[in-house]
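Chains A and B, in that order, are what the protein sequence lines are. Just so we're aligned, residue 432 is where the first sequence starts under my numbering, counting upward by one. Just so we're aligned, residue -3 is where the second sequence starts under my numbering, counting upward by one.
Hints listed in this document are in silico derivations from the structure and should not be mistaken for laboratory results. Mixed in with the good hints, there may be bad ones.
Computed from the model, here is a short list of chain B residues facing chain A with C-beta under 7 Å [as the list claims (entries may be wrong)]:
(1) Cys54
(2) Arg102
(3) Arg106
(4) Leu107
Which bits of chain A does chain B cover? Going by a derived footprint, with three or more residues having C-beta under 8 Å, they are [claimed, not checked]:
(5) 443 to 452
(6) 515 to 529
Over the 12 Å line for every Cβ pair with chain B, so calculated as not near, a few chain A residues [to be verified]:
(7) Val435
(8) Leu466
(9) Ala532
(10) Ile562
Just so you know, even glycine gets a beta-carbon here, dropped at the ideal spot from N, CA and C.
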Amino acid sequence: MILVVARHELLGHWRSPAGWVAAGGLALLYAWLFLLAVEGYLQRPQNEGDGLTAHLLAEYLAPASGLLLLVVPLFSMRLVAGELASGSFRLLQSAPLSMAAVAGGKLLGLLALQALLVLVALALPALLALISDTPLDWGALAAAGLGLLLFGAACAACGLYFSCLTRQPAVAALGSLGTLLLLWLLDGAASAGAGGSGGGELLRLLSPPAHLRSFLRGLLDSADIAYFLLFTGFFWALAARRLDNLRLLGE
Amino acid sequence: MPSQPEPQIPLLRVRQLHKRYAGHSALRELDFDLRGGEVLGLLGANGAGKTTALQMICGALAPSGGEIAICGHDLRDAPLAAKRQLGYLPDQPPLYPELSVDEYLRHCARLHRVARGDIASAVDAALADCDLGAVRRRLIGNLSKGYRQRVGLAGALVHRPRLLVLDEPTTGLDPLQIGELRALIAEICSGDSGRAAVLSSHLMQEVAATCTRVLVLHRGHKLCDAPLADFAASGWLRARLPGAVDAARLKALPAIRDAHRDAGGWRLLPAAAGDAGAVAVAREIVAAGIPLAALGAEENTLEARFTELVRGAEAQLAAAETATGDGAAA
């Protein structure tokens, strides 16, 4: 049943002009970032610094993760808030499926969309390798792609939860965006202020970008994978709980 | 498709159902059973608790207490099994404007676990039932309100539920469509179908034309639950008595148990039931020298009975509030 809800969500993004505009806009921004990264690589002195793959990871995919953080709340804001506002959520409430399955299906549908967007992001280096015969470290790029997907899943779960809290999609988008930016800033605060102190380390542990860093170096760290899975699972459980509680309020 | 329930198990069993919001009781201690072939009309003024009751039956609203079982499956302990037998049309149809009618019904069928191979035939049947074949490829967002209501109904019917729950189902429909909907509900819930429906309305004519049973709610209280025939057989007569007539003079006649006058003329309650009672009333009125221009069974008795029930309940509530106020003052 999760797949039925996920399928509906995934197809729903492509049924509205807003979905196409957001996805198209993100693809254009990816292309722009990619061109900037390649141009920066070509303009630097030869035999200096990292190779092309490391350069792309740092100068292209790292900013792309920031874009993802900004765009995911736009995709997630309507997941539940839109259905509550239109009254279509009654269909899910009266159907034989649990609210955990509803939350899981909606999250899975958005993850499938993000997987497509990550593939688009990785398609540009692949195109470069194809037309210029430039060797790239595909293992490192795949690790970064997985990192982006896990990071996107965490952002989507946070967005899903905020979408369950209100009938106004714009409020849901602002809530999730504010929360994600706050978590993003925790990493900066940890680096700038506390140095190696226990408080700084705790802030870094809580911040998603800090756990994305190893992926963007081409590394797979099981602790970082576990962090993103726990983060996503935590907000999915909160969303499922909230959807169950809607029954108490009659919404 | 779900198996046929045991005959002795009601399709819907509601016991001691109540709902409180912040100290206010929206529904109090509601009890009723519903069996195959029955169409129950929840009748009540706005705010009577009809939608609250239906939302709880569908699992969209958690009760403050009480039990609901659909085909023997407790909605709290086995919600998924219970909801598989349920088709629900809320007061605002749960539609996706960006989907076509066909896509929407397929989605509804998948959500209600219709087998993959049966989805196409289930959608075709629902389209035929609700006369939507001509608009099956059109986007729901481009349809008129009446068509949207029918799409919502088709979505509730697509998995052939045993229990159909309809909240104000004729809203937005034209008179022809209302007639077709009544016929459709009657066909779905025909005696040997093993299916039943609950619908809410504040329109007497709709309930009278569609339902086999009526449950009257007022301020969350159940005032009455009886077959429609019992409402029709209230036993009152309507009389036209030209000239000045005193109610006490009429009540003094042995054939008349009660009499009062309202905007529609005189209402007389015969002492004996049936035609014999009516004949006795006519004979005694004439014998008493009271001019009698017309006499017949009361028309639109559902409305009269409903008004009578609600007024009686209001009087009781007012008396109770007065007693409470007196007690507090003392």
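Hints and how they fare:
At its closest, the beta carbon of Cys54(B) sits 4 Å from a beta carbon of chain A; the interface hint therefore holds under the 7 Å criterion. At a threshold of 7 Å, the smallest CB-CB gap from Arg102(B) to chain A is about 10 Å, leaving the interface hint violated. Interface hint status for Arg106(B): upheld, as the beta-carbon distance to the closest one in chain A is roughly 4 Å, under 7 Å. Hint status for Leu107(B): holds, given a least beta-carbon distance of 4 Å to chain A, under 7 Å.
With a threshold of 8 Å between beta carbons, the proposed coverage of the stretch 443 to 452 of chain A by chain B holds, since 3 of its residues qualify and at least three are required. Check on the stretch 515 to 529 of chain A: 13 of its residues sit with their Cβ under 8 Å from a Cβ of chain B, so the three-residue criterion for coverage holds. Not every beta carbon of chain B lies more than 12 Å from that of Val435(A), the smallest distance being close to 4 Å; the non-interface claim is violated. The Cβ of Leu466(A) lies farther than 12 Å from every Cβ of chain B, with a closest approach of about 34 Å, so its non-interface assignment holds.
Distance to chain B contradicts Ala532(A) as a non-interface residue, since its nearest Cβ pair spans about 9 Å, not more than 12 Å. For Ile562(A), the non-interface assignment is confirmed: its Cβ lies about 38 Å from the closest Cβ of chain B, beyond the 12 Å cut-off.
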